[in-house]
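Q: Start from the sequences, fold in the hints, and give me the full structure.
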Amino acid sequence: MRLITQIVALSRKNALVFIRRSWTTYFTCLILPILWSVYVAQSKENWYDGSVYGDGHIGALRSLPNDLKDNTLVYVDETSGAGSSLLARALQGAGVSSTAKIKQVATVADIGPECPEGMSQVSSCFAAVVFHALDASAQTLNYTIKTDTGLSLIDVDKPKNDVQQERLMPLQWALESTFVADMTGSKPSPPQVWEYTNLSMADYKDKIRIDFLKATRDVVAIVLIVQFLFVAYQLPGRMTTERAIGLSEHLDVMGCSTLARVLSWHACMSLVFMASWVLYGVILGLLVYKHTSLGIMILGPIREDADTGGHYEHASLSPLRRIWPARRLQRRRPGCRRALPPA
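So for the sequence shown, this note's numbering puts the first residue at 1; every next one is plus one.
Each hint should be verified, as a subset may be incorrect.
[To be verified] Below, a list of computed lysine-lysine pairs in the BS3-like style, where the Cα atoms sit at most 30 Å apart:
#: 1; residue 1: K214; residue 2: K13
#: 2; residue 1: K214; residue 2: K44
#: 3; residue 1: K69; residue 2: K13
#: 4; residue 1: K205; residue 2: K146
#: 5; residue 1: K214; residue 2: K69
#: 6; residue 1: K69; residue 2: K207
#: 7; residue 1: K44; residue 2: K103
#: 8; residue 1: K44; residue 2: K69
#: 9; residue 1: K101; residue 2: K158
#: 10; residue 1: K103; residue 2: K187
#: 11; residue 1: K207; residue 2: K290
#: 12; residue 1: K158; residue 2: K146
#: 13; residue 1: K103; residue 2: K214
#: 14; residue 1: K187; residue 2: K214
#: 15; residue 1: K205; residue 2: K158
#: 16; residue 1: K146; residue 2: K207
#: 17; residue 1: K44; residue 2: K187
#: 18; residue 1: K187; residue 2: K101
#: 19; residue 1: K158; residue 2: K44
#: 20; residue 1: K101; residue 2: K44
#: 21; residue 1: K290; residue 2: K205
#: 22; residue 1: K214; residue 2: K290
#: 23; residue 1: K158; residue 2: K69
[As the list claims (entries may be wrong)] What follows is a set of in silico ranges between Cβ atoms, one per label pair, in the way DEER data are often shown:
#: 24; residue 1: W47; residue 2: M119; range: 14 to 20 Å
#: 25; residue 1: S293; residue 2: G54; range: 41 to 47 Å
#: 26; residue 1: L199; residue 2: V8; range: 56 to 62 Å
#: 27; residue 1: S200; residue 2: V8; range: 55 to 61 Å
#: 28; residue 1: G237; residue 2: Y48; range: 36 to 42 Å
#: 29; residue 1: I4; residue 2: D211; range: 46 to 52 Å
#: 30; residue 1: V108; residue 2: G54; range: 29 to 35 Å
If you are wondering where the hints come from, they were derived from the structure by calculation, not from laboratory data.
Where a beta carbon is used, it is the ideal one built from N, C-alpha and C, also for glycine.
A: Right under this line is the structure:
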């Protein structure tokens, strides 16, 4: 009963300390933790590359730019000249200017040095074509089209900004329509284009959220602990401040126990930080852990704070338990002195 009375009295004293510094209290205990929570929850947006998924619109196939957007088309011919001839006739049939930049390299490994990507993962090459096999008798064509890593943006709503319809599909149609014309004697009419993705926009955002958690689960664990370091930092700081100004000795003389002081500070700080913990759980539950119960997200920080406080109390009281027997021994033998050696 005496311990409870001391805890209540000291908690009132601690509450006055927080009330007198209201702006600092609001910023440290409410605004700063909430800003940290929003930053953690919104950091997954950095994984979003701006792509637009879903069902696009049906439209006409675009033609190859006559100047290849002033970029270089690199190709590798592994068919002993058949691929080079097919590419030349395909570009001529697509209306590409004879002054367009076309360059042949020996192997696939030479494409990278010829088309070095910058910081934005975009090079000065329009595309790269690798002809693996071309058999006119078997009517088979095996080739690969390569583009820059930074041009992987998908936008089904704005096909003009889509590398699929701006580069890949026109180049693919130019090659395949020329090959079909060589095999059949007549060039097919261009098809219509309908670009779509297997994932909807909601599925894509959900995939980004899950990939973010998988890739940063070890980091997120540390980030979650930081939320409770405010209390873990404030507890020893407040206790040290009381010792520095001489308040600890005054409370000890009045018979106040160290346990009551620690518990009072912990209880007062927990009540002050309670609103930020609740909002912290709600923010993460709505933005990151969408399929987890909000009750778990709200009660989790509160339980974690109780564990943090318990660990601190144990660490604070354990030194007192070690020195208590020595103090009691000194009280029992106040006149004991160590004998000096004879001169």
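Q: Work down the list of hints and note, for each, if the structure agrees.
A: Against the structure, the hints come out as follows:
1. K214 x K13: At roughly 45 Å apart (the allowed maximum being 30 Å), K13 and K214 break the hint.
2. K214 x K44: 11 Å, holds
3. K69 x K13: Roughly 73 Å between the alpha carbons, so the hint for K69 and K13 is violated.
4. K205 x K146: 27 Å, holds
5. K214 x K69: Distance ~39 Å between K214 and K69 Cα, so the pair is violated.
6. K69 x K207: Between K69 and K207 the Cα gap is close to 34 Å, so the pair fails against 30 Å, i.e. violated.
7. K44 x K103: 41 Å, violated
8. K44 x K69: 34 Å, violated
9. K101 x K158: Given pair K101, K158 holds - Cα atoms ~27 Å apart, limit 30 Å.
10. K103 x K187: Status holds; Cα separation ~26 Å.
11. K207 x K290: 12 Å, holds
12. K158 x K146: It holds: about 22 Å lies between the C-alpha atoms, which stays within 30 Å.
13. K103 x K214: 42 Å, violated
14. K187 x K214: 49 Å, violated
15. K205 x K158: 19 Å, holds
16. K146 x K207: 25 Å, holds
17. K44 x K187: 48 Å, violated
18. K187 x K101: At roughly 26 Å apart (the allowed maximum being 30 Å), K101 and K187 satisfy the hint.
19. K158 x K44: Roughly 24 Å between the alpha carbons, so the hint for K158 and K44 holds.
20. K101 x K44: Violated, at about 40 Å.
21. K290 x K205: Since the Cα atoms of K290 and K205 sit roughly 12 Å apart, the hinted pair holds (cutoff 30 Å).
22. K214 x K290: 15 Å, holds
23. K158 x K69: Within the cut-off at roughly 19 Å; holds.
24. W47 x M119: 14 to 20 Å: The hinted range 14 to 20 Å holds for W47 and M119, with Cβ atoms some 18 Å apart.
25. S293 x G54: 41 to 47 Å: Given a distance of about 30 Å, which is not inside 41 to 47 Å, the answer is violated.
26. L199 x V8: 56 to 62 Å: 57 Å, holds
27. S200 x V8: 55 to 61 Å: 56 Å, holds
28. G237 x Y48: 36 to 42 Å: 39 Å, holds
29. I4 x D211: 46 to 52 Å: Between I4 and D211, where Cβ atoms are some 50 Å apart, the hint holds.
30. V108 x G54: 29 to 35 Å: 34 Å, holds
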